[in-house]
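Visitor: Hints in hand, dock the two standalone chains.
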Amino acid sequence: MIQVIFAAGFVVIAPFAGGMLAGLDRIITARMQGRKGPPIIQPFWDVAKLLRKENLIISRYQQIYLYCFLIFTVFTGALFFSGGDFLIVLFAFTLADIFFIMSGFVANSPYSHIGSERELIQMMAHEPVVLLSAVGMYIVTGNFHVSAIAGYPEPLLVFLPGIFISFIFILLMKLRKSPFDLSMSHHAHQELVRGIITEYSGRTLAIVEISHWYENVLLFSFLYLFFASSPIISAVILLLVFFLQILIDNSTSRLKYEAALKVSWMVTIGFGVLNILILALLKNLGAMPAGIVP
Amino acid sequence: MSALSKSPWIVHYNSSSCNGCDIEVLATLTPLYDVERFGIINTGNPKHADILLVTGGVNSQSRKVLETIYNQMPHPKVVVAVGICAATGGIFRECYNILGGAEKAVPVDVYVPGCAARPESIIDGVIQGLAVLEEKRKQFRKKKDAYRLTYEYLTGKTDAE
Numbered sequence: 587m588i589q590v591i592f593a594a595g596f597v598v599i600a601p602f603a604g605g606m607l608a609g610l611d612r613i614i615t616a617r618m619q620g621r622k623g624p625p626i627i628q629p630f631w632d633v634a635k636l637l638r639k640e641n642l643i644i645s646r647y648q649q650i651y652l653y654c655f656l657i658f659t660v661f662t663g664a665l666f667f668s669g670g671d672f673l674i675v676l677f678a679f680t681l682a683d684i685f686f687i688m689s690g691f692v693a694n695s696p697y698s699h700i701g702s703e704r705e706l707i708q709m710m711a712h713e714p715v716v717l718l719s720a721v722g723m724y725i726v727t728g729n730f731h732v733s734a735i736a737g738y739p740e741p742l743l744v745f746l747p748g749i750f751i752s753f754i755f756i757l758l759m760k761l762r763k764s765p766f767d768l769s770m771s772h773h774a775h776q777e778l779v780r781g782i783i784t785e786y787s788g789r790t791l792a793i794v795e796i797s798h799w800y801e802n803v804l805l806f807s808f809l810y811l812f813f814a815s816s817p818i819i820s821a822v823i824l825l826l827v828f829f830l831q832i833l834i835d836n837s838t839s840r841l842k843y844e845a846a847l848k849v850s851w852m853v854t855i856g857f858g859v860l861n862i863l864i865l866a867l868l869k870n871l872g873a874m875p876a877g878i879v880p
Numbered sequence: 042m043s044a045l046s047k048s049p050w051i052v053h054y055n056s057s058s059c060n061g062c063d064i065e066v067l068a069t070l071t072p073l074y075d076v077e078r079f080g081i082i083n084t085g086n087p088k089h090a091d092i093l094l095v096t097g098g099v100n101s102q103s104r105k106v107l108e109t110i111y112n113q114m115p116h117p118k119v120v121v122a123v124g125i126c127a128a129t130g131g132i133f134r135e136c137y138n139i140l141g142g143a144e145k146a147v148p149v150d151v152y153v154p155g156c157a158a159r160p161e162s163i164i165d166g167v168i169q170g171l172a173v174l175e176e177k178r179k180q181f182r183k184k185k186d187a188y189r190l191t192y193e194y195l196t197g198k199t200d201a202e
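Each protein sequence line maps, in turn, to chains A and B. 587 is the number of the first residue of the first sequence in this note's numbering; add one for each residue after it. 42 is the number of the first residue of the second sequence in this note's numbering; add one for each residue after it.
The shape of chain B in the complex, shown without the other chains (with noise of 0.2 Å):
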């Protein structure tokens, strides 16, 4: 295990989520769960976050968002979508204003299933987005351009494909 996997920093947002899983994911903190025995912190900041953490469906308003934030984060990084919400768009997936999952704006790398999803399981996730961030991590090594992904979010080109 590398060092990126002993300090994974989350950054969460809620898109349109009914607070449930929300809920969820600020339980983790508590001395209960306690993520910050493994390093794991909820910073508000993503420039300084390796973890991206959706819960709810994407709506119009809130996929720019989301895009935003995605791009904003520095190589190498992992999306987690929390809940069923944020998996296909759950219980909301009818709604004229839902586009569907966390996917319809930025690649998921772990679906954490569950309405709401429960803190368990969300460190679970977590967990296994580690490996995927590890697996990043070499990919960003080989392509060497850090340079060159810098130029593509200051000049607003998106890299989510």
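The following block holds chain A by itself, in its conformation from the complex (with noise of 0.2 Å):
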């Protein structure tokens, strides 16, 4: 029963948290640049218009795409908040993803193909991090639920250290903030005009922002599985990431896509894999500290 009100409340609040979380980071990285910015509500005004707007359809298809891309995102987000089987959330969130890249194809433009195909790179560069912080909350606490991960009593940081560095890495990559914003940008001053998403407008445009709400506090949520056991600590923590992946926003410019995939491959065998191997190794010497499941 908990499980399905968690997963109801994960479907009605994650889109006010999703806006209001991006409200603040206009805030925030208007003050980076010396300006005061939009007031925090801002976001939920831009959907409000675009919901006002004409809807230029420019496919038949574009709309099934990015209903799907909307219903898989929720449904990712209610199997993860009903405790669900994080291999299957992880899938489920791939799947929503490869949703918004077909979207980006079917628009008869070469801005939203480039833009789709970069996704399409940046998802090899992202995919194995999310993949192996799977595996090692696996092998600390010996399950891939959901409900059991997030009960474990220690925080899970303290194993896995160098997947929690190389999922903040590829959170810049999945929230699309530079220097890895090269499928769709912010701002729509660069070669791809604004990559995926350039030729959606009004309704259509306005399914993208809910969904990328939705997503977003997906993410940060994946991320608060790495300190479950201490929520204040947790709290803090991810505070901080999401200030920090502003100010990256803000100092870098973008990467080619060759590099982009280099500099993410290097970082997650660097960090994750060698996290992995060190775990493993510890485990089979059974050094591994008490509370371990064997």
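Source of the hints: derived by calculation from the structure; they are not laboratory data. The C-beta atom is built at its ideal place from N, Cα and C for all residues, glycine as well. Fair warning: there could be bad hints in the mix.
Unchecked claim - To give an idea of the chain B side of the interface with chain A (calculated C-beta under 7 Å), a few residues:
1. A44
2. L45
3. P72
Guide: Now the structure itself:
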């Protein structure tokens, strides 16, 4: 019963939380640039406006793919918050992203096509870390279920520091922040205009925005799993990570996709895989601290 | 005020301007004026935009581009002509290649005078454009034929007239 309440809570609350996060993001960005910035509820005004605009239909499949993107993102979140299998959560999350990429391909525009191709390449860059984090959590807790991972008495960060670092790294990619905003940037002044969503307007664009709010809340929830045992510390660290990614967004220029792929794989292998190897070694030697499920 | 005037997104097109007005348009984004306070964003994408800012007189080459940008914008939309060149052709009016102001290509709703137009007056022009946007929104709702407009867009027929 409690799981259903949690899942329903995510479906209802996440868009508000995601919109507020987006508003906060814009205010902090403005302050970093010496500006005052918009009110915190500005993203809600934007979406309300987009819903009032004309919806230019560019392809009959565009709505199908984008609604699938929204539905699967919400489904992923509901599954996560109901304490389901973390692997299924990650696969559903990837599937949602695939639908978003497909929506970029249906538009007959070079900008959204190249944006979708780059998003696919970015997926190659960030999916290994996402899977490694699930593997790492399994090695420590002996369980793939989110409820069991969240209920683990020790903070997972102690055992998975490398995976945590690589997860923060790919978070920039998933949030489409600079230097990894190559598939769709937040401002349409680059060579790709706005990448995947260049051709979308009105209600369609509003759906994309709302889906991204869900997605962002979900990503920070994934991060929460690393220190689920102590909510206060985790809140502080999540805010720090949120601030850090805005700082990086404002102080770096975008990378080429080759460089992005190379750097992310280096981080994945250097931190993530090394972390897993050391963890597995310690486990085989029987040198793991008390509390670890064998 | 509806949500429409709370988040006007702008696309800016320079149709043969001398760059004076363009610099002033960009100046409104800087910390001194910071139009993002009002939710105004300079998008580079006509499909996301509500307000088209035109600077400079229209010549035979930029006319087609300006029309295309206007037709790509979803309804309701407003055109603000910034600077005296966009209003009448200005100092370049007598040039052999200049057709005149922005109204030679697209229907202009607000004229912002000045050479170059000051950032304050550009912001003021956009704010006046918001009232027009609200009005157009009402007309757009009365029509209730967004799909016809979409069809017109897809078939390349202009509804500018």
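Visitor: So which hints don't hold here, by number, going up?
Guide: The structure breaks none of the hints.
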